[in-house]
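S.K.: Spelled out, the chains give:
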Amino acid sequence: MSKGFTPPVRFTRLVLKVNAFLLIALLLVGAFMGLVAYKQGWFIQQTPINFVTRNSLGINKGMPVKLYGFTVGTVSDMQLAQNGVAVKLSIISSHMERIPKGSRAKFARESGVVGASVIEIIPGRSDQPLGEDEYIDFEPSRGLSEIIDDFRRQAVPAFQEIKQVMSQFNRGSEEVTSAMISLRREIDRLPETHRAVQKLLDTATRATENIERVTATVDRAAPALVGKLSTTLDSLNSAAGSIQRTGKEAEEVMRRLKPALELGEATARDASDIVSAAKRSWPLKESFKPSEALLPIDSFESYGIGAPQK
Amino acid sequence: MNPSRATLGLLFLLAGCGAPGPQPPAAQARLEDANVRGASQLRAGDHAGAARRYEDAMRIARSLDDADSVAVNSINLSIVYQRMGRDADARAVLAPLVAEERNAYSATRRMQAELRMAIIVLAARDTAGASAWARRAQERCQALSCAQLPAIQNVLAQAALESGDAAGAATLAEAAADRARQQDDKSETANALRLAGRAQRALGNAPAAVQVLQQALDIDRELADPRKIMADLLELAHASLAAGNKQAARDYQERATTISRTLKDDK
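Going down the list, the sequences are from chains B and V.
1 is the number of the first residue of the first sequence in my numbering; add one for each residue after it.
1 is the number of the first residue of the second sequence in my numbering; add one for each residue after it.
Treat the hints with care, since some could be wrong.
As the list claims (entries may be wrong) - Derived list of chain V stretches under chain B, where covered just means 3 residues or more per stretch with a C-beta under 8 Å from a C-beta of chain B:
1. 69 to 76
2. 115 to 124
3. 152 to 163
4. 185 to 196
5. 244 to 251
What the hints assert, rightly or not - No more than 20 Å apart at the CA atoms, straight line, and that leaves these computed lysine to aspartate or glutamate pairs for DMTMM-like:
6. B/K258 <-> B/E186
7. B/K66 <-> B/D150
8. B/K66 <-> B/E97
9. B/K88 <-> B/E139
10. V/K186 <-> B/D298
11. B/K199 <-> B/D234
12. B/K163 <-> V/D33
13. B/K163 <-> V/E32
What the hints assert, rightly or not - From the derived model, a few chain V residues whose C-beta atoms are all more than 10 Å from chain B:
14. G49
15. Q148
16. E174
None of these hints come from the bench; they were simulated from the model.
Treat the numbers as computed from the prediction; the structure is a model and nothing was measured.
Cβ atoms here follow ideal geometry from the backbone N, Cα and C, with glycine treated the same way.
In isolation and in its complexed conformation, chain V is listed as follows:
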């Protein structure tokens, strides 16, 4: 008999041994469906639709008294609200998770909520507040040996950079990049490299900054996130200008402007 046919036959024979698993309860299925649709709408750029889905998911999770799902949907809603510019709502939805008193949420979810809080606060340019939240998240993360350590280090690095501590930011960003590479987390690797490039420019080492930012751009192009590519190009324009390469700076600036216009047109 043909070996490939025999393999296929064997596979189907084995597949026949497996009966369909138990059907999830209807409410649980609706919860999963709302989550899947929310993520899909967020990917498609429909923030309002995604928010509605996650709000539905939150209601279902509350009705099921499912603390972990409530926490997950709170964090997801905070991401969507922040993208919609509803920073106050984003913070409010996380407030129960990060409350100091004993609550029903796991240490992992609390750490994730604290990290999100640090990100939201830093986006509002409150570097001190962001550092405080990020350190809280870092303490929990180290105890849990969590996967979010590179993201936390990146937030700390950005807060340090925006507070004027370029050397500290460079050290933190390099540590974040190393950790992210170990975890094969390309997104955080690129974020760390971008921060390292910014820190190098602030330290007056523009050629090194261009080199590092180019690496970040390569990764972000692979990830195909236009917002990150635009940020890389803008940083490259600044670094090239600082390195005395006006032509390259103009080129990067124009490419960033094209992306920005396209994003505005899409909206």
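Only chain B is shown next, with the shape it has when bound in the complex:
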């Protein structure tokens, strides 16, 4: 009955087979872990650098860190600090030589305003590379509201300039109109002036006749004087003719200018309408809100400086 146990033939060298199976399984698990570690970058030597931000909204662990748009590391840790949040970046050591001292970190999005958020490294100008665990400056990103604010800041002076130019143009056209009205009034009075000059000429002609009679009685004693008077009268006649011609030309100019002035006035009115409509539109209406009409109350006025001396 003390016969020893004999394993069945199909289980020969069972221990060896089990051990081989376990070894292969172990190797496979090891290879998988190695692959994961390689993919996670555990074999790549990394150098930590830091920055402090007042507001870490949008920054997360694992967020990529980019240099010239190329991923050089990740956000590895975030801790509450004295004046904000201390953010640790793990940078692939081989890229550290491209990040000199004086570099800055910036929160950015891949397509400007939209897209995945990243930490962008803006390299400084120093020759020395950044050391391990050193701190760099951080530039918070500009939000949409800040971009709009910036646009508004730039646009408002331009619109004010336009407004000023338009008001000057309006004033200018008012002045031209009033000048034209005065000129027109003068032109209207030209026939009257012409009549007065004609009357003067008639009187002068009668005076000449009298003088001629006088000269005849003095036996043509002063023929030279008569000649001069005659010349003067000719000059007066031609001057009257010139005035008449100038009046006609001015009337012609007026006729030509009138449509241009009307067009200018209409354009100014249209531009004014456009500017006022733009001022009432989003997003500019916020900038052109009617300002508080109250003048600033300044206690300096109690000095009494500035009022005219009595």
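Guided by the hints, dock chain V onto chain B, whose structure is given.
M.R.: Just chain V, lined up with the frame of chain B:
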């Protein structure tokens, strides 16, 4: 796509969503226009023109039964009239606002009118009257937590200084300066520092006065108000003389005289 172009495009796209807001009524537009032109003429030193604009604005506001605009234009007119030397008119235009009986004006406008009254009265060297008006304004201001508290404290400080209470004036001026700095009100900060400097000189501490007045001058030069710069330079001349620095005093005096002459030439 270029990100800046995309941003610009997005901005214009959003701008297109906004239709022009409603056009203000014609009378309201004329009222606003008169106010804007009045302020512009006052800045340009055309006091008579500014007064005409504000009188027009007042008429329009009355025709619209717009109590707040009437109050605003009354206060503005009081400022313009005072600069023209028409103190009686300046007081008369404020009288309905500061009347004791119940009126249609808000507590804020009444407080502002009382402050203006205090300023006008103090400019006429009636320190007691100015203090009384300023205290009335201060009571209302504290209830409203208004922005004019530094100006009120400055008026009280100046009234105290001109009544001979230099220590009280120094305390009030320092409080006014602190409050104005909190509100980032540079104009009233400079006014408070100028008063603090005057008070220090009256207390016999001329070197401290020079230091404080120099700060006031720096702010006023930043604000570019020639009247205030001139006042600072005159105070600095007095304080430097009291500190025994005759050369500096002469220098400040000459600079103040140059500004005064230029202002007269401009007029």
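S.K.: Regarding the pair V/K186 and B/D298, is the alpha-carbon distance no greater than 20 Å?
M.R.: This hinted pair holds, its Cα atoms lying about 11 Å apart.
S.K.: Just checking, V/G49 versus chain B, shortest CB gap more than 10 Å?
M.R.: Its Cβ never comes within 10 Å of chain B, the nearest being 14 Å, so this holds.
S.K.: Is B/K163 within 20 Å of V/E32, Cα to Cα?
M.R.: holds, 15 Å
S.K.: Holds or violated: are the alpha carbons of B/K163 and V/D33 at most 20 Å from each other?
M.R.: holds, 13 Å
S.K.: Minimum C-beta separation from V/Q148 to chain B exceeding 10 Å: can you confirm that?
M.R.: Violated: least Cβ distance 6 Å, not greater than 10 Å.
S.K.: Does the alpha-carbon distance linking B/K258 and B/E186 stay inside the 20 Å limit?
M.R.: Given that 20 Å is the threshold and the Cα spacing comes to 17 Å, the pair holds.
S.K.: Per the coverage rule (Cβ-Cβ under 8 Å, at least three residues), is the segment 244 to 251 of chain V covered by chain B?
M.R.: violated (count 0)
S.K.: Taking the closest pair, is the beta carbon of V/E174 still more than 10 Å from chain B?
M.R.: It holds; V/E174 is separated from chain B by about 15 Å at its closest Cβ, greater than 10 Å.
S.K.: Residue count check for the segment 152 to 163 of chain V against chain B: does it reach three with CB-CB under 8 Å?
M.R.: As far as the segment 152 to 163 of chain V goes, the hint holds, because 4 residues have Cβ atoms under 8 Å from chain B.
S.K.: Can the restraint linking B/K66 and B/E97 be considered satisfied, given a maximum Cα separation of 20 Å?
M.R.: holds, 14 Å
S.K.: Hint check: B/K88 vs B/E139, CA-CA at most 20 Å. Holds or violated?
M.R.: Holds, because 15 Å separates the two Cα atoms, which is no more than 20 Å.
S.K.: For the pair supplied as a hint, B/K66 and B/D150, confirm whether the alpha-carbon distance does not exceed 20 Å.
M.R.: This hinted pair is violated, its Cα atoms lying about 26 Å apart.
Hint compliance for this structure: hints 5, 7, 15 are not met, and every other hint is.
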